[in-house]
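Visitor: Chains as they are written, first to last, in our numbering: chain A, 1 to 377; chain B, 378 to 665; chain C, 666 to 1039.
Since the hints were made in silico from the structure, they are not lab data.
Fair warning: there could be bad hints in the mix.
Just so you have them, the derived chain A footprint on chain B, three or more residues with Cβ under 8 Å [said to hold, decoys possible]:
1) 552 to 565
2) 571 to 583
Pulled from the structure, derived: some chain A residues nowhere near chain C, Cβ distances all over 12 Å [as the list claims (entries may be wrong)]:
3) E30
4) E59
5) D212
6) E222
7) D280
8) G284
9) E336
10) E362
11) P369
Here a beta-carbon is modelled for each residue, glycine too, at the ideal position from N, C-alpha and C.
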Amino acid sequence: MATLTLSGLTARYDRTTALHGLDLEIADGEFFVLLGPSGAGKTTTLKCVAGLIDDVGGEVGIGGRSMTGVEPYERGVAMAFESYALYPQKTVEENLASPLRSGRLGSWTPAQQAERIKQVTTTLGIDHLLKRFPRELSNGQRQRTALGRVLVRPADVYLLDEPLSHLDAKLRAAMRAELTQLGEMSDTTTLYVTHDYQEALALGNRIGVLRDGKLVQVGTPEELWTEPADTFVARSLGQPEMNLLDATAVDGVAKTAGGVEVGVPAGVSGPVRIGIRPRDLTIGTVGAGGSADGADRLTIAGRVVLAERLGRAVELSVDAHGDRIIVVTTDQKVHEDDTVELSVERSAVHIFAAAEPGQDSERIGAAEPIRVAEVER
Amino acid sequence: MARELRPGQRKYSPGSIAADAVLVGWFIFSLFPLVWMVLLSLKSRSEQISTYFAFTPTLENFGTVLSDEGTRLTSVNFTEALLTSVINCVGAVIVSLVIGIPAAYAAGRWKYRGSNDVMFTILSFRFAPELMVIVPLFIIYNQLGIFDTNVGMIWVLQLVTMPLIVWILRSYFQDMPAELEQAALLDGYSRKRAFLMVALPLVRPGIAASALLAFIFAWNNYVFPLILTGSRHTPVTVAVTRFLGGGGQAYYNLTAAAALIAALPPLLVALSIQRYLVRGLSFGAVKS
Amino acid sequence: MTVTATETGTAQRLRLSSLRKTYTARGREPFEAVKGIDLDIEPGELVALLGPSGCGKTTTLRMIAGLETVTAGEIKIGDRSVGDLPPGKRGVGVGFESYALYPPLTVRENLAYGLKARRAKDVAQRVDAIAERLEMTELLGLRPANLSSGQKQRVALARALVRNPPVLLLDEPLSHLDAAQRQRVRRELKVLQREFGYTTIVVTHDQQEALSLADRMAVMDAGLIQQFGTPDEVFDRPANRFVADFVGEPAIALVDGRTEAGAVRIGDAGALPVPDGIANGKDVVVGLRPQDCHLTESGATESGAGLRATVRVFENLLEFGLATLDLPGVDVPLVVQVDVTVRDRRLPERGDTVTVAAAPDRVHLFDPTSGERL
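Work out the full structure, taking the sequences as your base and the hints as a guide.
Guide: Structural data, given as structure tokens:
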């Protein structure tokens, strides 16, 4: 068990820079998730910590000790690779025994090895596969074996690279729930890399969102969810992704092309973006509720263009006078071509700075009530 | 097997039949020298220059080539020449593997400034005409005293075998995920042990394929031994041509028989490791 | 969902009757990939063929396209039986999963290729029109090598559409896109399909894609159609265990139970009410969807209805929560989706004792041997 510190971590491949000075402090026993799209530098970060990449700028510290110049096996890290990297010519048992037999991670008698392997494989439910070769395993079993090779040895830090990504959706959900139950996982400092926001939200004590080799935001799942630093973080979490409507702010009120109006924080004017999560919107029929509670709720009227079933929930594409808004609802009475009134709490409406289409921009704040005086003026 | 309509699949038409006929014709034409040689090796001395297909086949030529009679005719013992060739080629392949496997590994794993230039230089040994270097080599060999020795031949055959082995194995190492060795490093193994334990077993098909190819290329090499060996360590390629005589009598039937015997060892080796060869020659066979 | 008739009138009815495909390889057992399927697809309808890999869905698509010979059965497009026609004469447009774009040709040439092969007039206008419709005009001059996978997929789609085929066949059209792109292209595809009115078959292994895209969906397994119906029918009234398990995410929990008067008893956890007309004292498999179960803290309801359970894990995914529960006497965990958006509500924690309830029409019962819905 140990803390993990990255300071100014920089890595280059050929001419491209994979990491631009990463700074991060991970507490002892913390489960930290790095979330980002492919190519963001997630795997590179893990490999820098493991000491598998040469020519790294900055410093990695484990348990307060600088790892510069320290060989991979002396760092006290255990890593699960996305590709599993199981030795194809060795059985599951030999794969798991490999760290124990190297002689560098403590000396283990054959009996101790067998006991340790038994313990781990029982936990992971793969004790019946010990004599199999990796090619004879399903993806789920390979993934467990790779995880077993991490758990079987003593380590200060676990590095897990997309361990669930090759599993089908159902197995992934089950394994995700299982991971949190592993005692070893909850006690040992873990750096976990994924592109799946649900994994990040479910597993992480804290999450760091990585883009183009830079940390965009670090925080607890709730912090990232309620106050995303920019549209990139906002779009990274949640499916379908957050609606972003272009608007122009004049006198404290932002108005979209389709006529949606929200109050903006003081001092904001000019082009902005309004962000609303599809699941934060609720549905009412027009005229039913009116906008009596208009002070803390924003209401938008529109026509349902598409109603698509996601499962129990239905995803609606709503055309609000030209603004296209995606809504997820469990109300199954809404049909295509219906006119609906969407409503959302003002605190769940995010205001972002404007940017070119396809570019990300910073969050300014949450929507404010429209002050009557300003509207009249 | 799935039956799909493929772009090449069509019904027979006069055009397609004509095209097939041309291809069959070309096939026979290409195969003819080989057929002719087999026929020639079975002919007696008196029939050797006749172009009729009708003759009385005899295996006598093969015996003659391997006997003292053959040695008398050519002043080279053909059996010894076979042995010399085996020693030279096996030696050359072993030396190439010992040096070439680590070289290929380094070339496949590490990129550095000029790494591609180094690889191209190695490959260019294969492109360079042997005649270009043969005269300086002859002088050097004489001065070093390795003219007409096995050591000299093994050395010079590196020009043939090494580039081949390095190039083939490099693509194998490139195709092998580096993460396997990285996992071994984290498991507590040194780079050397990670290489021996993880990487080497996985490229075995590649080693077999490249070693065989290198062996065949070395076996068939003619120019180097022609100039750099004398009568003591003559390999088969040179020995075969001795039956054509140096200004005296030409024994075409014996030449053909000798050539067939000389072609046998590579063929046997190829057949014995055919399983590896098929997998090995399709690059990237490491990934499952 | 009503299907709007098309202005162009090109949409055609597609019927498969007793369609079979058997592969016979020398020296091997014949392999039945498709074991006799019947499908009647309305003009302009979008049908998803959903199933795991190897279920025969792609083989079926390829037989309709004419890329695979038919062992037995009939394929009718409109009134024509097309089983013996070559692919080019069937009037189908095909979008391949692997894109199958011609690398040396530009996007424009790729799109025009099929039209030129048929000596169509106004090739340029038709290519321009479809490119504009799919918002890819700026891609027309590029070659496939310079396109992202999302763009390639769009080009492949455009090439299938440009011939204005009465029947459109798409093999995993969204598989190479990232999650956000997939959502956008999926909506785009559906709007386009409605507008052009093609009779469309989409092959997919992604149950959510099938649910959201399809007017009707055919769930396939082992060469047979397990259920053919609207997404609502398939999700809410799965025909058998396989369909229940394959459709829906997080996956349905399938646990053993035994029926009693108006209820089904599960392990030692308690009983759930079931609809009338179920025989008493029968062993059944009970299917409970995570979205259809409700959690209450134990003690809140003492009425006795519901299952007692212990929380093994609770995952707060912020959009919703997932509680993995242990039921006494049951070895399969039960996953229940929990609304986490309600303010001030106490969220379940590991070790909590809770009660699970579900509406009778949301408790699916299956025969333990045949797997059929009861």
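Visitor: Hint by hint, note whether the structure agrees.
Guide: Hints, verified against the model:
Proximity of the segment 552 to 565 of chain B to chain A, defined as three or more residues with a beta carbon under 8 Å from a beta carbon of that chain, is established by the 10 residues found. Coverage of the segment 571 to 583 of chain B by chain A holds [criterion: at least 3 residues with CB-CB distance below 8 Å; count 4]. With a least CB separation of 17 Å from chain C, E30/A remains clear of the 12 Å interface cut-off, as annotated. E59/A, annotated as away from the interface, keeps every beta carbon of chain C farther than 12 Å; the closest lies near 34 Å.
For D212/A, the condition that its CB be more than 12 Å from all CB atoms of chain C holds, with the nearest at approximately 16 Å. Non-interface status of E222/A relative to chain C is broken: a Cβ of that chain comes within 12 Å, the nearest being about 7 Å off. Not every CB of chain C lies more than 12 Å from the CB of D280/A, the least distance being 8 Å, so the non-interface label is violated. Under the 12 Å C-beta cut-off, the non-interface status given to G284/A relative to chain C holds; the minimum distance is some 16 Å.
A cut-off of 12 Å between C-beta atoms contradicts the statement that E336/A is not in contact with chain C; the least separation is 8 Å. Every CB of chain C is more than 12 Å from the CB of E362/A (nearest about 20 Å), matching its label as outside the interface. Listed as a non-interface residue, P369/A keeps its Cβ farther than 12 Å from every Cβ of chain C; the least gap is roughly 19 Å.
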